[in-house]
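*Asks:* Chain by chain, the residues run as shown.
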Amino acid sequence: MSVDPQGMTRRQLIRHSAWFGAAVALTVAGGEVISHVAGSADATQPARPTLRFAQISDSHIGFNGPANPNVADTFSHAIGQINSLGYTPDFVIHTGDLTHLATPAQFDQVKQMLTELNTPHVFTVPGEHDSTDDAGQKYRQAFGAGTRGDGWYSFDVAGVHVIGLVNTLHLQKLGHLGTDQLEFVEKDVAGLSSDTPIIVFSHIPLFAMYPDWGWGTDDAAQALSYLKRFASVTCLNGHVHQLFSKTEGNVTFYSGTTTAYPLPAPGQGPAPKPMTLPAGKLRDALGIREVSYAKGQQALALKDQKLT
Amino acid sequence: MKAANLAAGTAISASVAVSGILHAYLYVNGYRDVPTIGSAFLLQGSVFCALAVLILVGGPAWLRLAAAAGAAASLVAFGLSRTIGLFGFIETGWQPAPYAQISVAAEVLTVALVVATVVRRRSSVRHET
Chain A
1 MSVDPQGMTR RQLIRHSAWF GAAVALTVAG GEVISHVAGS ADATQPARPT
51 LRFAQISDSH IGFNGPANPN VADTFSHAIG QINSLGYTPD FVIHTGDLTH
101 LATPAQFDQV KQMLTELNTP HVFTVPGEHD STDDAGQKYR QAFGAGTRGD
151 GWYSFDVAGV HVIGLVNTLH LQKLGHLGTD QLEFVEKDVA GLSSDTPIIV
201 FSHIPLFAMY PDWGWGTDDA AQALSYLKRF ASVTCLNGHV HQLFSKTEGN
251 VTFYSGTTTA YPLPAPGQGP APKPMTLPAG KLRDALGIRE VSYAKGQQAL
301 ALKDQKLT
Chain B
1 MKAANLAAGT AISASVAVSG ILHAYLYVNG YRDVPTIGSA FLLQGSVFCA
51 LAVLILVGGP AWLRLAAAAG AAASLVAFGL SRTIGLFGFI ETGWQPAPYA
101 QISVAAEVLT VALVVATVVR RRSSVRHET
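Respectively, the protein sequence lines represent chains A and B. Quick note on numbering: the first sequence equals residues 1 to 308 in the numbering used here. Quick note on numbering: the second sequence equals residues 1 to 129 in the numbering used here.
Worth flagging that the hints you see were computed from the coordinates, not collected in a lab. Hints may be right or wrong, so weigh each one.
As the list claims (entries may be wrong) - Estimated spans, in silico, between C-beta atoms of each pair:
| id | chain 1 | residue 1 | chain 2 | residue 2 | range |
| --- | --- | --- | --- | --- | --- |
| 1 | B | G79 | A | S193 | 33 to 41 angstroms |
| 2 | A | A294 | B | T36 | 19 to 27 angstroms |
| 3 | A | Q12 | B | R122 | 50 to 58 angstroms |
| 4 | B | S39 | A | G191 | 16 to 24 angstroms |
| 5 | A | T276 | B | A112 | 53 to 61 angstroms |
| 6 | B | R122 | A | W19 | 16 to 24 angstroms |
| 7 | B | T36 | A | Q268 | 24 to 32 angstroms |
| 8 | B | G79 | A | G267 | 22 to 30 angstroms |
| 9 | A | A294 | B | R122 | 51 to 59 angstroms |
| 10 | B | V115 | A | S17 | 52 to 60 angstroms |
These numbers were taken from a predicted model, which means no experiment stands behind them. No residue lacks a Cβ here, since even glycine has one placed at the ideal position from N, Cα and C.
Let the hints inform the model, and build the full structure from the sequences given.
*Replies:* Next comes the structure, spelled out in structure tokens:
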């Protein structure tokens with residue numbers, strides 16, 4: 001048998017093949033062991049929800065007024081409170097108005113602060129304060145990676161389909177989604193089975209909370225019509241700086257509070273202007289929200305916490 | 001020479017094992033629910049653990065090259081997940097801490113050790129000829 005001096009002998013070939021076979025066998029065995037451990041972790045923790053995340057909203061970094069002279073401090077406390085929940089949330093959603101005036105420095109500051117959250121993933125949707133002068137360009141530079149269109153997106157986690165919508169860019173008085181985004185929603189959910197739980201994030205409410213103050217979205221009905229066939233739809237929003245919930249058919253809407261300053265209840269006063277509370281009362285109006293979902297349950301469980 | 005090679009193999013095996021074990025741990029603790037990324041973590045964890053064992057028991061050089069290629073691919077995936085997104089999924093900074101930092105350090109070390117081994121071997125071959 002002739003042997004190429006630069007090539008491989010038959011014996012070497014057999015030896016390398018054996019090493020390759022061992023690598024494949026060990027990889028398969030290792031994969032089995034890891035999957036088994038993951039399965040046992042599920043079995044030993046039946047009470048653990050399938051999905052746990054936290055919502056923060058309306059941090060208004062850059063705001064300076066008597067309603068809250070230090071919004072960075074209260075936002076920092078909110079971050080600390082999420083980090084002290086006793087578990088690591090699967091993700092944290094900030095439902096908009098991250099900044100007050102959408103300056104590059106404010107975006108830098110809020111982005112830096114969000115890295116302090118002890119969670120694998122932070123998601124955001126823009127508020128109207130994040131897109132005051134540039135139709136959300138600076139927002140998308142800071143937070144738009146991986147999003148589509150003007151910053152909308154969707155993803156699946158733990159069997160739940162999550163959609164982040166942008167309804168603050170083309171608003172006249174009410175929030176507005178626009179044709180492109182409505183098309184996105186329609187296509188996005190078209191392939192999902194009707195028992196998939198849906199969570200929708202937006203800044204401005206997708207329900208008519210108080211249209212006189214712009215607390216609603218003019219074309220939300222169209223978006224929600226695409227979600228009608230789903231058993232469980234939960235919409236979480238910010239913007240209104242106060243807790244509020246409403247159920248319409250299969251959809252439950254939850255407005256979240258703020259980490260910056262309170263706004264009046266709908267219709268209480270001429271306009272939604274920042275309210276200055278008596279000393280020591282501010283933190284009672286601010287807070288964070290925990291959201292959990294357990295497989296097989298119809299609805300999500302929400303727990304609102306005041307800022308400590 | 002043999003002792004240096006043994007030491008390099010042990011160090012490469014250890015760094016590969018650290019990255020593999022961390023990816024397996026993160027898979028078990030939540031990442032398995034992330035579409036595509038979860039499967040990628042499972043694959044990375046099992047392949048790296050297998051490579052770590054085989055490199056430790058004195059497997060051929062191509063196992064080290066495969067480990068370096070895998071580590072480099074993991075670093076690229078890490079970079080993508082923090083910039084333009086990977087399969088539609090984005091993470092922020094060094095979260096989940098401290099696993100992200102340790103894993104990146106282990107992968108950088110793997111690449112560096114393998115490159116150093118290759119360079120050293122080439123220079124010693126040149127000296128012999």
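*Asks:* Please go over all the hints and tell whether each is borne out by the structure.
*Replies:* Comparing the hints with the structure gives:
1. A hinted range of 33 to 41 angstroms for the beta carbons of G79 (chain B) and S193 (chain A) is consistent with their spacing of about 35 angstroms.
2. Checked against the hint of 19 to 27 angstroms, the pair A294 (chain A) and T36 (chain B) passes, with Cβ atoms roughly 24 angstroms apart.
3. Restraint check, Q12 (chain A) to R122 (chain B): a C-beta distance of roughly 20 angstroms breaks the suggested window 50 to 58 angstroms.
4. In this structure the hint that S39 (chain B) and G191 (chain A) lie 16 to 24 angstroms apart at CB holds, the actual value being about 19 angstroms.
5. The hint said 53 to 61 angstroms for the Cβ distance between T276 (chain A) and A112 (chain B), and at roughly 57 angstroms that hint holds.
6. At about 22 angstroms, the CB distance of R122 (chain B) to W19 (chain A) agrees with the hint of 16 to 24 angstroms.
7. A C-beta distance of roughly 48 angstroms is found between T36 (chain B) and Q268 (chain A), which places it outside the suggested range of 24 to 32 angstroms.
8. Our hint of 22 to 30 angstroms for G79 (chain B) and G267 (chain A) is violated, since their Cβ atoms are close to 50 angstroms apart.
9. The hinted range of 51 to 59 angstroms is satisfied by A294 (chain A) and R122 (chain B), whose Cβ atoms lie roughly 58 angstroms apart.
10. The hinted window of 52 to 60 angstroms between V115 (chain B) and S17 (chain A) is violated, with their beta carbons roughly 27 angstroms apart.
The structure does not agree with the numbered hints 3, 7, 8, 10 stated previously, though it agrees with the rest.
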